[in-house]
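Chains as they are written, first to last, in our numbering: chain A, 4 to 460; chain B, 18 to 482.
By construction, these hints were calculated from the structure, which means they are not laboratory data. Even for Gly, the Cβ is constructed at its ideal location relative to N, Cα and C. Please note that a few of the clues may not be correct.
Stated by the list, open to error - Coverage of chain B stretches by chain A, computed from C-beta distances (three or more under 8 Å per stretch; other residues unrestricted):
1) 39 to 45
2) 63 to 74
3) 106 to 115
4) 177 to 185
5) 243 to 253
6) 287 to 300
To be verified - Using C-beta positions, here's what the derived DEER-type ranges look like:
7) A:P221 - B:E176: 50 to 60 Å
8) A:E338 - B:P108: 44 to 54 Å
9) B:G389 - A:T205: 57 to 67 Å
10) A:V241 - B:R350: 51 to 61 Å
11) A:E338 - B:E334: 51 to 61 Å
12) B:D245 - A:D322: 16 to 26 Å
13) A:R339 - B:G243: 34 to 44 Å
14) A:E173 - B:V479: 47 to 57 Å
15) A:P221 - B:G389: 53 to 63 Å
Read off the chains here:
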Amino acid sequence: MPLDYAIHERTLTNGLRVVIQPDHRVPTVTVNIWVNVGSRHESPGRTGFAHLFEHLMFQGSANVASGEHFSALMAEGGRLNATTWFDRTNYFETVPTGALELALWLEADRHGHLLEAVNQANLDNQRDVVKEEKRQRYDNVPYGHALSDVYATIFPAGHPYHHPTIGSMEDLDAALLLDVHTFYKQYYGPNNSVLTLVGDVTPEDGFALVKKHFGHLPRSATDQRPRLPQLPPLSHPVRLERVEDVPNDRLYLAFRLPAEGGSEYLATSIALDVLGGLTTSRLETRLVRGDEMANSVHTAAMGLIDGVSLGLVIVDIADGQDVAQVENAVVEELERLGAEGVTEAEMQAVLAQSERGWLTALAANDDRADIISHFATLHHDAQYINTFLDRLGEITATRVGEVARTWLRGHQRAVVTYRARPATADRAGEPAEGALAAAGVAGDGVADVATDTVEGR
Amino acid sequence: MRLEHTREAAQSTTGAPARPVIGPPADWNFPSARSFALANGMQAVVHDVPGQYVISVRASIPLPLRSEPERIEGVAALMCRLLDEGTAAHPGQSFAQQMEQTGMAMGAAMTEAGLGIDMDVPARRLGDALALMMEAVTQPDLAADDVARLVRTRLAEIEQERASAPHRAAREFAATFYDASERISRPSGGTHESVAAITREDVLDFHRRHMAPAGAAVVVAGDLTGIDIDALLAEHVGAWENPDAAPRDVITAPPQTAADRTRIVFVDRPGSVQSEFIVGCLGPDRQVEEAWAPFPVLAYLVGGSPTARIDAVLREERGYTYGIRSTFRPRVRGGQFLTHGSVRADATAESVRELLDILEGGLDGFSEAERGAGVDYLAKTAPGRYDTAGAIADEAAGLALEGLSSTFTSDNLRRIRALGVADLDAAWRAWIAPGEWTVVIVGDAADHADAVRALGRGDVTVVPN
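With the rest of the complex left out, here is chain A:
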């Protein structure tokens, strides 16, 4: 199904790529800036730095006081934040149309003139804040370190994705003001960024305003290394076992997948949906409904660009069930997927669900801007949102079977197991470790639980 969001692109002489997608339904504009730097660029001993740096972008710049980026925009009706991930850092605000120029001015000041304002007090304060973010979202939550364990198990030491974006306490402690200067000069600048506007703005006005506020900035970022070559799948299983204070046993099977950006990666994502991403998926049918060995099953394809993506199968083991038996069942289903391929009915279900999911992801201006920036920054394809569903639809069931045979074989798995510590064991000492942070709290009953792993502001 073809989509036809009108998307306009232009590149300033300093290298800033500008993308404008007019949408006049409501009188707001989203400004979304992707900087092509993430935790994959961090050097040894400085894990977590890209994210810590992102926090400092809110602590003032040449003409903006500490905290003023937040307060000035919020007082004009802006909603804003920033996040850091393996491959990128994004900064974004949605503002009433009349405040668009203020947003651009504030962004240009910190993207062009940050270092005038950075100081030791700000660095120390935000280091503390980030450490509390780490404790809240990882250290004080059940299964909180599981994904970090997965990265460390499946990616080789020294690989850009071997460590999590949140980094380690030791490395956060080690960060120096000098590192801030070096990092900014190397990675921040118009020639390493994409600026997307979505909303109540015409292409003419939008390009003129961006040029007015960003046009004077020098092409300051230095050239990046080429992306790493594709990592091959594991040749044999590797595993890590932990015994922790968790409510039930949980199994993480991880796979190296093709880097994001082509049909081979998309085909592996379809294979993982057939395996565990649908209510009628094979693992759900077998493990949750059939054998009742699992409380739940999740699969995910995490698209990454530096020579590898990550495939995940996560199984919450039912009380009293044997972890090894569950793992064997998953391996059997992986092998069957490769040997027998997928059915047309499974393909139809995945495509129908992907269509709704994609249209929903594009529904809000701020989300649409972020997806446009993603593919413009990492794949030089600002029009991607219009073509994704067609690309997905071109992938055949045969192709899905082929990629399953290549990338999702049982022997290619990395396995991280979290086993519940027996209730009688000594519980003192080690803190409970956990997964993902709670975003909000209701007065009774159930709080919202965020499941993203992106480091927020």
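Position chain B against the provided structure of chain A, taking the given hints into account.
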């Protein structure tokens, strides 16, 4: 707000233009809906939103959580999950297959006020999806093996929630704040004991007695170009009847609070590297619609941003927290003012003291600068907060369930813009009183409970996790 002023010199930014002047925001109102009654008495609310290609359908059924028998609390939430596990026409997983091929997503959930059904689907499949949604609502199998499986799943989830500090804090807060006779003093999804007691017959009986169109509303939002939505709603929703339904329970009074709610409860989790907390007191509901406007502004000023009063100290000055948030939470009748977050473990007592001081400091009044910033934030963010079909449908369904007028959202924004400092001060003083706090802390009691006790801000009870 505690802003530092912009530095005046711009010596280092050669070529940069001067700070721009802000243009006035455009007029905006919450989109108006077309509302009409269906043959079965249900209220239909239709928002045509061009350019929104996924249609959002929300059904609100005013079935209060307290309709559950106490012995099997959690049965309503369990029934919600069972709806799409198979129907008379599409037994077992064949129903899920139908939903997936249609490209729809559906969920149902309970709140204190009622049962909500969410359904999203691309526009061209709306008819098929409405048919399936109503099939799930009216003819679910509620099969014995599915009941047993989802009971088991729910029991495992209860343990997951117990292990999560924010969930654990919320559960303890409800139990401490409300009188034990109130349903909302207990977990909305039931306890281990009550969920384990639920049988298929219980779910069938609950469905037969309570799943009914009386007082319910259906909201549709999205790009309805070329869709005869009135005919679709009449065919699929308006024909729904349930002659066996019990009379509806109607909530007419605020829940009773616990006589000893003003105290501090410390849930002991040895080894916690942070302390999670909820601090709360009574707050307003929205039954007097005109009176609601100041409360979202106050919550924002106190705990709504990194520069709000709480985070300006505990985050930006001290670095004790990733962020702490306040909210006035209206219920059907009565409400709460809640502040929640987590802090570094060794800053537990100091954070509680600072927090209570900041909250009680609001009694000294809010400044004109704060009023301006808070009013502008709430009033001017509204267009962006309601820019999708899903957000519009959620808001409209919430208004219907709470019995508020369809113009409430726009009317409230107008009232927010008119607020003065005196309005904010009076609203704060109407609900906030020194020492009237319920405090729940989830953390290492051996290390920190004595320091909290030494604050002298209330009796401290330590309970196990």
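For each hint, the structure was consulted:
1. 39 to 45: holds (count 6)
2. 63 to 74: Per the Cβ count (6), the hint holds.
3. 106 to 115: It holds: at least three residues are needed, and the region 106 to 115 of chain B offers 3 whose Cβ sits within less than 8 Å of chain A.
4. 177 to 185: holds (count 8)
5. 243 to 253: Violated: only 0 residues of the region 243 to 253 of chain B have a Cβ under 8 Å from chain A.
6. 287 to 300: Three-residue rule met by the region 287 to 300 of chain B, so holds; n is 8.
7. A:P221 - B:E176: 50 to 60 Å: 57 Å Cβ-Cβ, so the 50 to 60 Å window holds.
8. A:E338 - B:P108: 44 to 54 Å: The hinted range 44 to 54 Å is violated for E338 of chain A and P108 of chain B, with Cβ atoms some 30 Å apart.
9. B:G389 - A:T205: 57 to 67 Å: 31 Å, violated
10. A:V241 - B:R350: 51 to 61 Å: At roughly 57 Å between Cβ atoms, R350 of chain B and V241 of chain A fall inside 51 to 61 Å, so the hint holds.
11. A:E338 - B:E334: 51 to 61 Å: 57 Å, holds
12. B:D245 - A:D322: 16 to 26 Å: Once the Cβ atoms are compared, 50 Å apart, the range 16 to 26 Å for D322 of chain A and D245 of chain B is violated.
13. A:R339 - B:G243: 34 to 44 Å: 43 Å, holds
14. A:E173 - B:V479: 47 to 57 Å: At 33 Å between Cβs, range violated.
15. A:P221 - B:G389: 53 to 63 Å: 37 Å, violated
When the structure is compared with the earlier hints, violations turn up for hints 5, 8, 9, 12, 14 and 15 and for no others.
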